[in-house]
Amino acid sequence: MPISVSVGPPASRLFRCFRLAGVFFGAISLLGSCSSEPDDTKTGSPAKGAKTAATTPTAAEVAPLRVNVFLEYSGGMKGFVPRGGADKPATEFQQRIGALITETQVSGAIAERKYYLCENAAPRAVPFQQLRDVVQGEVNQAALGTELPQMLEGILNMPQATQQVSVVISDFIYGPARKSDFSQLPNLIRTSIAPVSQKQLAVAVFGEASRFYGTYHPAVKTPMTKRTLNGEKVPYYVWVIGPPALVARYTAEVFKNAPAQQAFFGLKTDTPAFAPLLTKLTDPKLKPSGGTVYAENNGLTLNPSDGPVDFSVGVNLRELPAAWQKPAFLAQHMQVRLPNGQASLVANSVRPLTDEEQSGQPVLAPYTHVMRLRVSKLASATATLSLALPAPETPEWVAAWSTTNDNTPAPRTFGLDQILAGVRQSYPTPLPPVFTVQLPLKKD
Amino acid sequence: MQTFFTSLYSALISIFQSQRPADFGLYKTDLFSLVGWSTLGVALLLVVLFYYVFNSALRTGMFRTTHWVLTLALAAGLGTFLANSLSKSHGAESSSYLGYFMVVNMLVAALWFLLFSVLLKRWSTYARTTPFVGPF
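So the protein sequences, as listed, match chains R and H.
Taking this note's numbering, the leading residue of the first sequence gets 2, the next gets one more, and so forth.
Taking this note's numbering, the leading residue of the second sequence gets -15, the next gets one more, and so forth.
Incorrect hints may appear among the rest.
[Unchecked claim] Within a straight-line C-alpha distance of at most 27 Å, the following computed DSS-like cross-link-like pairs (lysine-lysine) qualify:
1) R/K180 / R/K257
2) R/K327 / R/K286
3) R/K180 / R/K115
4) R/K222 / R/K115
5) R/K257 / R/K200
6) R/K327 / R/K288
7) R/K180 / H/K72
8) R/K281 / H/K72
9) R/K227 / H/K72
Keep in mind the hints are simulated off the structure, nothing from the lab.
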């Protein structure tokens, strides 16, 4: 009973004070909303994207891989493809090229493939089985062959050759009919691959020495115009020519089992997946150290004023040639730039991620490699850090595999350095970087 | 208001720890304002419950300062709990920064509770002088 008596007047009071309170908090929230709205547009929404910062096109978006394989089949190549048998092991050429054309034929990475024999200036389309027959030595007669520049020119003049990947398999021995042509070797090569200059195609060169059974035709005709070899090793080459990103994909995904001698010109990958790794890491070595650093607005906010800030970045280098994915190579070549500041790659920090790490820490899954970056100075309020892989110049093995006299068979090719100089001259100096990724920085 | 909460919390936490954690972006964009608003709401709710439900609408006799202090302690505890659970559920990592955030939010919840008490107590039927008389 006492309760029911007192309900009357307090209820109206209660209502009144709620009304007052409502006015009061309405005013507070109005004040609040005034200041919060411009702020939301500044920091609120873009920061959501910080987790997906600098992602790349997925596999579905990239251009389909169309491949044309050209095998020079002249008298000079016949010795690489002797007719084998159970008692005769296949030559290195037969093993390597047999595997390469098979992978090209069956690989799911390739949308379309065609095969050609280069017997004269115009390549002749052949079915896969016929090309394989040639490689295993089942075909007897070989054509006279064509001169190297004409062969390359014919290949690059194929319709759509500049949008596709051309794989050229040849001994690359240059034996011109007119001896004066020797003096212009780099220029002749450069002219013959003019589309490489014009469209900035990439050229990947793979070299291997293979046992050779048959007639060897050297470029230098004295003292012997030809020799019969019985298992001596002479070189042959595989050139992969095409749009840079497609050449990178073909070499990384199809020509996985490539010989050790490799040279790349104008190779560029699609921008790889790249992001700073700050949170959700279980490995303490990957966590940031030093001063303040955190992700914000698709970039990083950090403060190196008390000491250098170290943090890990993940990058997907799946499309790089196998030799370039090695930590030692990357540590030596990767370049970190930070205008208005100071940044570097921490020594011995580049390493590939293991499968366990990728499955155990989901933030690492999109990346193949991690490395640590150190920002020790940041002078301006904002800056852009860039991480690039500059293209290496012509590797040293090229000089070792070149000769001015190939009359005595050896794993050396006449004028290989000049031939590749012609390729190198198709690109600017310095070579364009293989890839560059950027990371906006803000000072805290 | 987001700026207000961000500056309030980062200033208070920096008393304990000046270095910001790797997931500070999350605090800045989501957690400070989310936890800030929730704490404000919880403090207000407890003040309304204390003054207008238990000491106006109902006559429970819980108007003493002891009751008020217990409610304040509840607000402070909920502040700590909210800072922890909301941060964790939004992906913040366990860190010393999160710990200090919890401590700071405990104080902030108590402060909100005190502020709302002072502002709203005069319209309460039975507790208008709890915990002290005035100032209005």
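Now the hints, each set against the structure:
| no. | hint | verdict |
| --- | --- | --- |
| 1 | R/K180 / R/K257 | violated (39 Å) |
| 2 | R/K327 / R/K286 | holds (20 Å) |
| 3 | R/K180 / R/K115 | violated (35 Å) |
| 4 | R/K222 / R/K115 | violated (35 Å) |
| 5 | R/K257 / R/K200 | holds (26 Å) |
| 6 | R/K327 / R/K288 | holds (23 Å) |
| 7 | R/K180 / H/K72 | violated (78 Å) |
| 8 | R/K281 / H/K72 | holds (12 Å) |
| 9 | R/K227 / H/K72 | violated (78 Å) |
Taken one by one, the earlier hints fail for this structure at numbers 1, 3, 4, 7 and 9, listed in ascending order.
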